[in-house]
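Q: Below, each chain spelled out in residue letters.
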Amino acid sequence: MFKILKYSFYDLMRSSWSYVYLGFYLLLGIVLLFLNNDLSKAIITLMNVIIVLVPLIGTIFGVMYYYNSKEFTELLLAQPVKRSSIFLGQYLGVSISLSMSLVLGLGLPFVAYGLFRSNAIWDFSLLLIVGIFLTFIFSALAFNIALSNENKIKGFGYAILMWLLLAVVYDGLFLVSLILFEDYPLDKLSLIATMLNPIDLSRTLIILKLDISALLGYTGAVFKQFFGTSFGLIISFIMLLIWVLLPVLRIIIKSKRKDF
Amino acid sequence: MVEIIDLHKKFGKNNVLNGVDLKIDKGGIFAVLGPNGSGKTTIIKSILGMVIPECGTIKLFDTDIKKNSDYRFKIDYLPQIANFPSNLKVIELFRMIKDLRGKTDRDKELIKTFKLESFLNKKLGTLSGGTKQKVNIVLTFMFNSPIIILDEPTTGLDPISLIRLKELIAEEKQKGKAILITSHIMSFVEEVADEIVFILEGKIYFRGSIKALKTKTKQQDFEHAIAKILTEHSV
Numbered sequence: 554m555f556k557i558l559k560y561s562f563y564d565l566m567r568s569s570w571s572y573v574y575l576g577f578y579l580l581l582g583i584v585l586l587f588l589n590n591d592l593s594k595a596i597i598t599l600m601n602v603i604i605v606l607v608p609l610i611g612t613i614f615g616v617m618y619y620y621n622s623k624e625f626t627e628l629l630l631a632q633p634v635k636r637s638s639i640f641l642g643q644y645l646g647v648s649i650s651l652s653m654s655l656v657l658g659l660g661l662p663f664v665a666y667g668l669f670r671s672n673a674i675w676d677f678s679l680l681l682i683v684g685i686f687l688t689f690i691f692s693a694l695a696f697n698i699a700l701s702n703e704n705k706i707k708g709f710g711y712a713i714l715m716w717l718l719l720a721v722v723y724d725g726l727f728l729v730s731l732i733l734f735e736d737y738p739l740d741k742l743s744l745i746a747t748m749l750n751p752i753d754l755s756r757t758l759i760i761l762k763l764d765i766s767a768l769l770g771y772t773g774a775v776f777k778q779f780f781g782t783s784f785g786l787i788i789s790f791i792m793l794l795i796w797v798l799l800p801v802l803r804i805i806i807k808s809k810r811k812d813f
Numbered sequence: 329m330v331e332i333i334d335l336h337k338k339f340g341k342n343n344v345l346n347g348v349d350l351k352i353d354k355g356g357i358f359a360v361l362g363p364n365g366s367g368k369t370t371i372i373k374s375i376l377g378m379v380i381p382e383c384g385t386i387k388l389f390d391t392d393i394k395k396n397s398d399y400r401f402k403i404d405y406l407p408q409i410a411n412f413p414s415n416l417k418v419i420e421l422f423r424m425i426k427d428l429r430g431k432t433d434r435d436k437e438l439i440k441t442f443k444l445e446s447f448l449n450k451k452l453g454t455l456s457g458g459t460k461q462k463v464n465i466v467l468t469f470m471f472n473s474p475i476i477i478l479d480e481p482t483t484g485l486d487p488i489s490l491i492r493l494k495e496l497i498a499e500e501k502q503k504g505k506a507i508l509i510t511s512h513i514m515s516f517v518e519e520v521a522d523e524i525v526f527i528l529e530g531k532i533y534f535r536g537s538i539k540a541l542k543t544k545t546k547q548q549d550f551e552h553a554i555a556k557i558l559t560e561h562s563v
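In order, the protein sequence lines correspond to chains Y and V. Counting in our numbering, the first sequence tops out at residue 813, every number present. Counting in our numbering, the second sequence tops out at residue 563, every number present.
Watch out, some of these pointers could steer you wrong.
As the list claims (entries may be wrong) - Pairs of lysine to aspartate or glutamate, EDC-like flavour, derived with a Cα cap of 20 Å: (1) Lys395(V) to Asp812(Y); (2) Lys338(V) to Asp353(V); (3) Lys460(V) to Glu420(V); (4) Lys394(V) to Glu624(Y); (5) Lys460(V) to Asp812(Y); (6) Lys354(V) to Glu499(V); (7) Lys402(V) to Asp390(V); (8) Lys402(V) to Asp740(Y).
Said to hold, decoys possible - Computed, partial: chain V to chain Y, Cβ under 10 Å: (9) Ile333; (10) His336; (11) Phe389; (12) Asn396.
Everything labelled a hint here was simulated from the structure, so no lab data went into it. Every residue gets a Cβ at the ideal spot worked out from N, C-alpha and C, and that includes glycine.
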């Protein structure tokens, strides 16, 4: 698996898209810091960007890489390499290179600004960890979609649809249901609804850590009341981990049964 | 060496293989023939584990191929259409496959035979179809495996390369290897093959020497013998 990972990673490092992505984050970090001049405010803005953008990039890159490396995959399938190693290697190659772009792109400007001398370092690290989780989750979901769809256009369509659902539509539906059923106790329901969407979960996780009650919202408040801050953090991390593991498991199972 | 027992495969509603039984227990050149869509490539891909059959077993040297992917160390495979990652250089591709399969020195000799030296630093995406096929051939013959599978090996080759390919195949046969070839070029098959495996509608219709096929169909030459089978079954 590590050999495949190595080749996928090199392949991606040579692609100009990785650098566009890196450049974008560098720019974002620099602009935020120099327009804001306030580290903790910059982190909140960054959170809002990361939570929407990282899943989108992970989804698109995952689907694109899978379809683009079809030839590479076919070549490898005839070699003495396990199927699960081929797909896991490629998946890890995509997720790791994307995570690296994210960490370097945001890390460098913040370190240059003097992150190590500020007490925002933990908030910032948490932000990056959540960003890495989201990258791993959404690339895995994208690989799942691509594995199930031979047709490129269909695969792309479903992947974008998934992102739209989780990043935009889900929140809207959730809010509408809260208003419609406001006469009923909705604590448990809203907790479950948050757990079932990795984007919502990440948002709650970061806001819990940042301890900004104004941004907490209904779910966040319920979350905090129900679990308390530290237990809430642990629970959300476990949920994020499950969100990575389940799609990865499906990649392994699905790839074993597929014809090429 | 290779044993296929009662292999079935469907793609959607389309039955491609309907119980293929094939046993190859000695070296030699076996030509797998059949009309388009008869399931030649599917059989080959099943042996390689790229297609997962609905039922049936495939054994290589008496071991079921489902158990482990290591059996592919014993197979050299030349795919029908050479699809290579286009942003990789030829030399990098060779290096990568060697990294995956183990060391070999034979690539240098083969690169020389097929005159690929000047292409080594070019990207695979920029190569012509024939050159790609040569790269494909070098990749296939680079390792000394006891089973060789060639899916349409002559595609896009110029006459000189074709002669070299035939020499290469003959050389490998001398080593006692089992070589499976699919091709639509009957003169090529007639020249190289020891045995014909004819597939029709997902089953093995005929297996034996070219001579036996001619007697069976009462035809003088090989091409007409094949054509006769095809017209009789109106494919």
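Q: In ascending order, which of the hints set out earlier in this document are inconsistent with the structure?
A: Result: hints 2, 4, 5, 8, 9, 10, 11 break, sorted rising.
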